[in-house]
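Chains as they are written, first to last, in my numbering: chain A, 578 to 848; chain B, 578 to 848.
None of these hints come from the bench; they were simulated from the model.
Treat identical chains as interchangeable: a pair holds within one or across any two.
In silico BS3-like cross-links for lysine-lysine, where the CA-CA straight-line distance does not exceed 25 Å:
#1 K805 - K728
#2 K591 - K846
#3 K728 - K746
#4 K805 - K846
#5 K799 - K746
#6 K591 - K623
#7 K805 - K754
#8 K728 - K754
#9 K728 - K715
#10 K715 - K754
#11 K746 - K805
#12 K613 - K623
#13 K728 - K799
#14 K591 - K715
2 protein chains.
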Amino acid sequence: MLNFQDKLRAVWEKNNSLLCVGLDPDITRFPSALEKRAESIFDFNKMIIDATHDLVCAYKPQIAYFAAYGAEEALARTIEYIHENYPQVPVILDAKRGDIGSTAQKYGEEAFVRYQADAVTVNPYLGYDSVAPFLEYKDKGVVLLCRTSNKGAADIQDLEIDGTPLYEKVAEMISSKWNSNNNCIIVVGATWPEQMSRLRALVGDMPFLVPGVGAQGGDVEKLVTAGKTTAGTGLLVSASRSIIYAGSGDSFADDARSAALDLRDLINKYR
Amino acid sequence: MLNFQDKLRAVWEKNNSLLCVGLDPDITRFPSALEKRAESIFDFNKMIIDATHDLVCAYKPQIAYFAAYGAEEALARTIEYIHENYPQVPVILDAKRGDIGSTAQKYGEEAFVRYQADAVTVNPYLGYDSVAPFLEYKDKGVVLLCRTSNKGAADIQDLEIDGTPLYEKVAEMISSKWNSNNNCIIVVGATWPEQMSRLRALVGDMPFLVPGVGAQGGDVEKLVTAGKTTAGTGLLVSASRSIIYAGSGDSFADDARSAALDLRDLINKYR
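Given only the sequences and the hints, what does the whole structure look like? Please build it.
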């Protein structure tokens, strides 16, 4: 079985895509074709996945949208469905976990054993020993928050340590110490292209998960130019709401496909 | 219905206790009286709760231990059981959530609507707008990581901004801006009494959730002396493994009670 990084490289090429589609199933926004209830979540995800699988480099289910509805079973089925039908597409469980070692180990089991995700997002605030239990899954990806896409990111992540913002310190730490199994990815918001170019210079070819295009307004040209590697890859540009809620009628899956195609091609234009 | 802070003050007094018992149900460590399987989790918790409810100021279920086993139902039943039988004891869901606003809102629903917790632990790394959706639940407690109990805490939390460690900056931010609904609590590891006294001076009477005694080795005299308020309260000293796995035979619940009683009284000795 391919490890996460190899799987990612293969799908970047096969689907000619740096687009990661976020699965944030908000039942209040479900299309008219589906009942607005937790029982529809799997069907909604399945239709989005079937319509977009050849256009993406990853799917990123956001666990909060399942947990709020008690829909863990739908999350498990969604991931299983992707693995069985589109095994070339890796699944990143967006959970932003982070806790002391003994607890982090249980979160590792949640992500990688229970849900069989290929990667999980993790918060670095508790330091190395809180991340180590995830890093030990050598074939999995550990996606660490660095500079997030939200406005409040600046509150803590931009505080300067001897003239260097915290998020750069975090990136340096990840790159120089935490990445010894070569399974780290960092989260860099699309909304901050300047920070992104500094980070690209700091961490070499380490992949970036880039939320913040679409609903959050990040500029695709700027982010791709700032974030791509010399090979023209290195990015998982993540969009959720702008893709999965592109339409709200019977043709919502086709609408999602169109939105995914447009964004994939826009990203490719600047690679 | 009492809000979290009032409930906490009332139970501090009623049970004469600053002890918070962490419910970390690791099935591999279950006593011989119970089968080592996920189906035993609720029974294990129930027996611990029945044996300790008059000695504690809060219970703190750690969601990772439920999530790893797919035991969300057992978590919901555990919290419901506490509310129904010991309504004076608040429940802190230890989940360390943290995400952008729209997702944080879903995590808020998970903690406060689905699980009906009285408080939830939250990671501050993403800044104010990621915490605001939790703070808006005015009657609930929002327990923010500040200086955690693990060794790796120093990696990021101790980095200095103009001579002030990050965790102090975080505490100042919480105290001066995030606490306008008076529903914040901060996490300060028992393993760092010096940092704890600085923090107590910075944030006034804000309660501290203090993990790190027991299995992690924090010194009770030092932490209580450093962390208590002038009223001799202000602390939720959290112990999990040293209480719930105090015994492993048929008398495990009595053993948990003895361990809880000893720790409660030791804490009280230094108030």
